[in-house]
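**Q** Here is how the chains run, residue by residue.
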Amino acid sequence: DGGITQSPKYLFRKEGQNVTLSCEQNLNHDAMYWYRQDPGQGLRLIYYSQIVNDFQKGDIAEGYSVSREKKESFPLTVTSAQKNPTAFYLCASSIGGYYGYTFGSGTRLTVV
Amino acid sequence: AQSVTQLDSHVSVSEGTPVLLRCNYSSSYSPSLFWYVQHPNKGLQLLLKYTSAATLVKGINGFEAEFKKSETSFHLTKPSAHMSDAAEYFCVVSGLSGGFKTIFGAGTRLFVKA
Numbered sequence: 001d002g003g004i005t006q007s008p009k010y011l012f013r014k015e016g017q018n019v020t021l022s023c024e025q026n027l028n029h030d031a032m033y034w035y036r037q038d039p040g041q042g043l044r045l046i047y048y049s050q051i052v053n054d055f056q057k058g059d060i061a062e063g064y065s066v067s068r069e070k071k072e073s074f075p076l077t078v079t080s081a082q083k084n085p086t087a088f089y090l091c092a093s094s095i096g097g098y099y100g101y102t103f104g105s106g107t108r109l110t111v112v
Numbered sequence: 001a002q003s004v005t006q007l008d009s010h011v012s013v014s015e016g017t018p019v020l021l022r023c024n025y026s027s028s029y030s031p032s033l034f035w036y037v038q039h040p041n042k043g044l045q046l047l048l049k050y051t052s053a054a055t056l057v058k059g060i061n062g063f064e065a066e067f068k069k070s071e072t073s074f075h076l077t078k079p080s081a082h083m084s085d086a087a088e089y090f091c092v093v094s095g096l097s098g099g100f101k102t103i104f105g106a107g108t109r110l111f112v113k114a
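Which chain is which? The protein sequence lines are G and C, in order. Letter by letter, the first sequence follows residues 1 to 112 in my numbering. Letter by letter, the second sequence follows residues 1 to 114 in my numbering.
None of the hints are false.
Derived lysine to any residue pairs resembling SDA-like cross-links, with alpha carbons at most 25 Å apart: (1) G/Lys57 to G/Thr5; (2) C/Lys42 to G/Pro75; (3) C/Lys42 to G/Phe12; (4) C/Lys101 to G/Gly100; (5) C/Lys42 to G/Gly42; (6) C/Lys101 to G/Glu24.
These are computed hints drawn from the structure, not numbers from a lab.
Excised from the complex, chain G in its bound form:
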């Protein structure tokens, strides 16, 4: 079945450590997105990519980095510069936002 796979489901980060969240899709979608969700809040856009080897900052890109070397993959790195990384991270893909998104099941990141 086609879909989006996020891994790991749970991730723990120590202070000062960089961690990478994986997002893979087999839907042949051009566009991919990373969102952050905090308790009781909506979704905030971190980064998005509409084509391979190109990506754009969203509303809260500081402390995060991404790459888009393959159409299927859009990993997110949470760097030590992100001071409050504890959150639920959602990856999504689409053929264009106008047509709706398919979401992964999320990664819950906790700082320990």
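Please arrange chain C on chain G, whose structure you already have, making use of the hints.
**A** Below, chain C alone, put in the same frame as chain G:
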């Protein structure tokens, strides 16, 4: 400019009674409108979408929504709530103004009482 407002942060209904989740939007262009559902610790699942075809849109699990341009609304309804409907619901507007732009509402938490 585009925006979306979910008018209720929490809605509580009894099992078997109707559900109404309200959403108003603002868009300079003809938008696409969506409702997504999120169960705890899960990703978002598309319930239904409006993309300028029929104004009454039927989705999964018995949900439907009506696009009312004059009222700039896209309310989500279901005739009879089930316990499994308890979740967070997001109204989303997407359009082509200025290129890519998708806006998520803040979400409405639906509680279903037995």
